[in-house]
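Visitor: Residue strings, one per chain:
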Amino acid sequence: MFRRIYAVFKARNLEFLRDRATLAWNIVLPLALMAGLSLAFGGGDRTEYTIGVLTDAAELDAAAHPFLETRYIDFVPVSDIEQGYRKIARHQLDLLLRFDAPPTYWVNPDSAKGYFAERALLQADAAAGGRFTKAEIEGQPLRYVDWVLPGILGMNMMFSCLFGVGYVVVRYRKNGFLKRLQATPLKPMEFIIAQIGSRMTLVLSITTLVYVGTHLILGTPMEGHYFDLFVVAVLGTITLVALGLMIAARVTSEELAGGLLNMINWPMMLLSGVWFSLEGAGTAVQQAAKIFPLTHILDAWRSIMFDGASLVDVGSHLVTLVAMAVVFLLLGARVFRWNQD
Amino acid sequence: MPIALEARHLVKQYPGVTAVNDVSFAVAEGVCFGLLGPNGAGKTTTVEIIEGVTKPTSGEVRYYGEPAGDRFREEAGIQFQNTALQDYLTVRETLEMFRDLYDRQADIDEILEACSLTELADRDNRKLSGGQRQRLLLGVALVNRPRLIFLDEPTTGLDPQARRNFWELVQGILASGATVILTTHYMDEAHVLCDEIAIMDAGRIITQGPPDMLLEERYEGLIIELPAETAGGLDGIEHRVYDKLGIVEIVSRDVTASLRELDAKGVTLDRIKIRQANLEDLFLDLTGHSLRA
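Just so you know, the sequences run in chain order A and B. Going by my numbering, the first residue of the first sequence is number 12, and it counts up by one from there. Going by my numbering, the first residue of the second sequence is number 2, and it counts up by one from there.
Just so you know, the hints here were simulated from the structure itself, not pulled from any lab data. Mixed in with the good hints there might be a few duds.
Some chain A residues close to chain B (C-beta under 8 Å, calculated; not the full set) [claimed, not checked]:
no., residue
1, R14
2, R15
3, A22
4, N24
5, E26
6, D91
7, G187
8, R191
9, A194
10, I302
Ranges of calculated distance between the beta carbons of each label pair, as one might list FRET restraints [stated by the list, open to error]:
no., chain 1, residue 1, chain 2, residue 2, range
11, B, R9, A, T263, 26 to 32 Å
12, B, N166, A, T263, 31 to 37 Å
13, A, I38, B, D108, 37 to 43 Å
14, B, S25, A, A299, 53 to 59 Å
15, A, V337, B, Q162, 54 to 60 Å
16, A, V337, B, G70, 26 to 32 Å
17, A, V39, B, N166, 42 to 48 Å
18, B, E75, A, M274, 37 to 43 Å
19, B, E120, A, D30, 21 to 27 Å
From the three backbone atoms N, C-alpha and C, an ideal C-beta is built for every residue, glycine too.
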């Protein structure tokens, strides 16, 4: 069994590694994106003000304080005070407010936008009776390029897993290569394991290469452990490859496969937090995003990179990824067809 | 000799079409069995059912007396009519990949030698000519030292020289004691290679047996072939007109007497051909249409 798996694993690796154009594209695309984003966003913060408000409610009540009626400021609810502190430290929030006793605001003394947001708050608060007290939290800013790095890595991983496996399997089926394998002692699960192993090796190598390169060149932050990042990458790759295999399990048309894969890709690109955070989005959107494996990969990576989270801290994401992988694999193996008959 | 392979009442139905209609035959060990017929006759579907890559609507395949299963997959070598191989692999790597899927493993150098591929061993398989590619696909069918080999239209698209070279390879395989199942629509190929044939048409086997025996049973004599325009002068002589081919054929036990009779009727003999009956004639007689139609 292992010899058969290794034979297919090795052949698929050779096929990919010798396809130099595809290989180069897999490495160049994320590097080029990171370079472009670094140039575009590396020097400064976003132009709008973002202020967190500590509350358990999903929506903010603008009548709670006159300051909440200020235009050109994005007020977002924050339920976890620790998370709010971290965001102030990283300059992801310009201020953090608490309206109940005692009314308090937190600001980073090194944040220029925090300074102006504080001035605006104090002006509005003076008119309302001057109740707020000040607290300071220090920390280096998290640049957009830092924040988006996991997104770029995850997006590249997603494309590589879904198209590099799903699309290729459909091509193998269409051109008869799978039918030829069917006539050998190779079992469907052995074939699937070989595909996962092959793609995992390639994706992890490329992701590691791109991460190390951008980490060294751009000096992106890393508060947690590299091993933990790697564990998330392994589980994420397995889940995404399994998703690609499940989609490709029966499809015989490359056009249909492309459509189905894009139907999965685009929502993940938009809703999983590749380019921007969904914190300002509605609760329904945030909940919907949790059905995508990429959401859990990116949330876990960002927690490890920026918050120093351990594997236990991101355990819920890991468990979700494992559960998704099992479901995708079982379904994929069950409906898998070698040929078009 | 033991029966290596037995197909029992195979049926394959697709919506609106019965591609294989109650096909049964048995193949003894060491024999080259030819499944012949025109495109669409059902021979490839029949063979793919036997190979286990197409599920039959009904019927059964037995290998050495047992239902075809794991042992069959381990011992059968298959050359499909159209098989894509993995891109960017060399000839040797392709053979090694397939060999490693089996417990029974052949020596790759011996296969390269047997299939005249030694000099091409390190060539990317996408850069092979048609004949070289067919030899590689035959090599892939041999990687597990098969006891039973399926060759599905192995010489389609090859030039005459490449076809003859391929025949020599197959004869070498037969000499080693393996059983061969050959599907083809080339009658000369079947006549050269096959010990026994079954002719299929419209999903059914319409005749079966050793090629020479089938011809002897059907044709007692030679075939006289004349241009179609002479048909009007053949009153009283049994003949068959093939409009599409532009010929008239007369089967004659006594050619000299037949020629005298034609001459007496004033039939011009300028473009006459006299030849032995072949499998193509047999097929024309049995089905009424050309094998290559």
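Visitor: For this structure, which hints from the list above don't hold up?
Guide: Hints 4, 6 and 10 are the ones this structure does not satisfy, whereas the remaining hints hold.
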